[in-house]
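If you read the sequences in order, they're chains A and B. Every letter in the first sequence is one number past the one before it in the numbering used here, and letter 41, counting from 1, is 268. Every letter in the second sequence is one number past the one before it in the numbering used here, and letter 38, counting from 1, is 33.
The list that follows gives simulated cross-link-like pairs (lysine-lysine, DSBU-like), each with its CA atoms no further than 30 Å apart:
#1 K328/A with K7/B
#2 K7/B with K235/A
#3 K235/A with K328/A
#4 K7/B with K126/B
#5 K256/A with K328/A
#6 K7/B with K256/A
#7 K235/A with K126/B
These are computed hints drawn from the structure, not numbers from a lab.
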Amino acid sequence: MPLEQGQKDPYETSSIIHDDRTLLELRVKQLRHPRAHARQPLARTVHQVGNVVELGRANGELRVGSTLHGGRIPPREQRLYGALVEHRLRQDGATFRIAHKRVDLVNSEGELDGLAVLL
Amino acid sequence: MAVARNAPEPGKPGEERYYDIAVRQMRQNGAPDAVWEGTGIWATPRGHGYMGDYHDDDRLVAGLGNPAFEEYRAELIGGWDSPSGSHPARHALEHHHLSNCSFMSQFRQLRIIQPVAVDRSVVYTYSFRMKHAPARMFRDTVAFANVVNGTGSWVLTDDLEVYERIQHGLGAGAPNGSTSAAATGAMSTSRAPRGATGTSEVFIRGQMRAWLDYMTRDA
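Construct the entire structure; sequences and hints are all you get.
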């Protein structure tokens, strides 16, 4: 989840979230951990995905773009997010697995509250 | 912390992976009591307080043996080997904490805390790309900023949620008061007395003393 629009390189520019596979797994474990008191109660979320389009194929991966509207209810106020999303998918038998996911929030450079959930 | 303790072990110097900095940072937050008790805390006569750094180079493993850091240290210090550590460049590699700012030299980051009201502050964070430093150093700087300062940071979101809940509870008006107490332990009598341990409330008493002085000076 880049901080700046059009981010070219996540290693040279700060991100709102930039997780590799290990960090992604740890983030999920953290959310579910019974002693992660600041994460409780778990936020309730809703995701609406639309405008799914194939962007191309390269290096054995399928690039898919979509729009995302997400909402979450933390302990207090409701938050709404809008984003353009790109998935890179790898075929696995009759289905696909996500190799990479990029979420560009439309207001990524604006003032945001802590984002403790995955969109 | 519990999750980070069960995470894969960070790589050895030169074999680091992207997630290492995140895992190390979260583990560090679980410093044992002895580390906190051994951290210096001081209070000044006019109510300010400041605390030593609980980080050290042994705990920030990347600082010792990290090839990029060592390369840059050699670039800065060269053959300087003064036991007094007075070479100006050496200070750029150490941690300095003032009352409202902290310099995390390990990751080339400066934080300045600006109080804007009695119940809120603004924290400005500056990350630096050092001249003549290996490219890897700046990548570590960015990774550290993502982990510690980012809007989706593992560390920051937890901290802010705790602060917000405390603020929300105190602001509700329901509690009669809050209690924050810890022993001061033996204090020196210098102008900036130091608490006996890192959890001393010497700074709270310093604030109360300064407040009392301001309120009664002309009485």
